[in-house]
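*Asks:* All chains, please: the whole structure from these sequences, using the hints.
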Amino acid sequence: SQTIHQWPATLVQPVGSPLSLECTVEGTSNPNLYWYRQAAGRGLQLLFYSVGIGQISSEVPQNLSASRPQDRQFILSSKKLLLSDSGFYLCAWSVGGIYNEQFFGPGTRLTVL
Amino acid sequence: AQKVTQAQTEISVVEKEDVTLDCVYETRDTTYYLFWYKQPPSGELVFLIRRNSFDEQNEISGRYSWNFQKSTSSFNFTITASQVVDSAVYFCALSTSGTYKYIFGTGTRLKVLA
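As given, the protein sequences belong to chains A and B, one line each in that order. In terms of this note's numbering, the first sequence opens at residue 122 and continues consecutively. In terms of this note's numbering, the second sequence opens at residue -14 and continues consecutively.
These aren't lab readings, by the way, just hints derived from the structure by calculation. Some clues are possibly wrong.
Simulated crosslink set (DMTMM-like; lysine to aspartate or glutamate; CA at most 20 Å straight-line) [stated by the list, open to error]:
no., chain 1, residue 1, chain 2, residue 2
1, B, Lys23, B, Asp7
2, B, Lys(-12), A, Glu222
3, B, Lys86, A, Glu222
4, B, Lys86, B, Asp14
5, A, Lys200, A, Glu222
6, B, Lys96, B, Asp7
7, B, Lys23, B, Asp3
8, B, Lys23, A, Glu222
9, B, Lys86, A, Glu180
10, B, Lys96, B, Glu2
11, B, Lys96, B, Asp71
12, B, Lys23, B, Asp71
13, B, Lys55, B, Asp71
14, B, Lys(-12), B, Asp3
15, B, Lys55, B, Glu11
16, B, Lys55, B, Asp40
17, B, Lys86, A, Asp192
18, B, Lys(-12), A, Glu180
For clarity, every value in this text was computed on a predicted model and none was experimentally measured.
*Replies:* Right, dumping it as C-alpha cells:
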C-alpha cells in the first residue's frame, strides 16, 4: 500500500534562517507531487507541483523553492525564512491524470519567530 | 478560469442534526473531476469522494451523501445524523483536463456540538 511521509512534524525557526522540509512517498512509482501551505484558519495554497524528477512548477513566486531529486522525494526549501512563511505545510501525491484523487501527508507545522 | 466556492465559512449544528455543505464550481471544460476532503483537527486531509463530470448520479455512503448538479454547477455534501466526530474542515476541489493542478475551495468548518 502507498504511504506518504513528511518531516519534521513541527518546526520553530527564527526569521532569516534556512528551511528544508522533506516528503517521501512509498509504494508507487512516478507520482505527481505537490506542496501546499495552509495559513491558520485558511484554505490551501498550492506552492509547487512536480510531474517527474527534476520537473518543478511554481505557483506562487516567493522565497521558497522546491526540488525533486528522486522519483518519490520532494523537498521544500528556503534560504531565509520570513514571518509570513509560518503555516501548515502539506505534501500530497497522485498518480496518472487529474482524474485521480490526491493523498496527503500528515503535514509540518512551521512557526517563524 | 477554474474556481471553487464554499460560501459557508463555518457551520455549527447539534449532534444528530442533518447538515449540508455547499460547493459551487466554475469551469469551461467539459471533462472535469470534483472531490471532497475532510481535514480533522490533526491536520491531515482525508479523501472522501471523487465524481467525474459525466456522472451525475448521487452517491450515498453511510451517513454521507453527495448531490452533483451540473445545471447549477454544484456538488453538495450532506451528513445525516451528524456526530461529534464529524467536526472538521471540509474542502471541495476541482481538477480539469490539461493541467495537473487541483483547485480547492476555502473550506467549511463544521462544528458538531454534543
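*Asks:* Hint by hint, note whether the structure agrees.
*Replies:* Cross-check of the supplied hints:
1. Lys23/B - Asp7/B: With a Cα-Cα distance of about 14 Å, the restraint between Lys23/B and Asp7/B holds, given a limit of 20 Å.
2. Lys(-12)/B - Glu222/A: Distance of about 18 Å is within 20 Å: holds.
3. Lys86/B - Glu222/A: Given pair Lys86/B, Glu222/A holds - Cα atoms ~11 Å apart, limit 20 Å.
4. Lys86/B - Asp14/B: With Cα atoms ~14 Å apart, Lys86/B and Asp14/B stay inside 20 Å; holds.
5. Lys200/A - Glu222/A: Given that 20 Å is the threshold and the Cα spacing comes to 32 Å, the pair is violated.
6. Lys96/B - Asp7/B: holds (15 Å)
7. Lys23/B - Asp3/B: Judged against 20 Å, a Cα distance of about 17 Å means the pair holds.
8. Lys23/B - Glu222/A: Answer holds: Lys23/B to Glu222/A is near 13 Å, not above 20 Å.
9. Lys86/B - Glu180/A: holds (10 Å)
10. Lys96/B - Glu2/B: With Cα atoms ~11 Å apart, Lys96/B and Glu2/B stay inside 20 Å; holds.
11. Lys96/B - Asp71/B: With Cα atoms ~8 Å apart, Lys96/B and Asp71/B stay inside 20 Å; holds.
12. Lys23/B - Asp71/B: holds (9 Å)
13. Lys55/B - Asp71/B: Distance of about 27 Å is beyond 20 Å: violated.
14. Lys(-12)/B - Asp3/B: violated (27 Å)
15. Lys55/B - Glu11/B: Given pair Lys55/B, Glu11/B holds - Cα atoms ~10 Å apart, limit 20 Å.
16. Lys55/B - Asp40/B: holds (10 Å)
17. Lys86/B - Asp192/A: Distance of about 19 Å is within 20 Å: holds.
18. Lys(-12)/B - Glu180/A: At roughly 15 Å apart (the allowed maximum being 20 Å), Glu180/A and Lys(-12)/B satisfy the hint.
The earlier numbered hints that this structure contradicts are 5, 13, 14.
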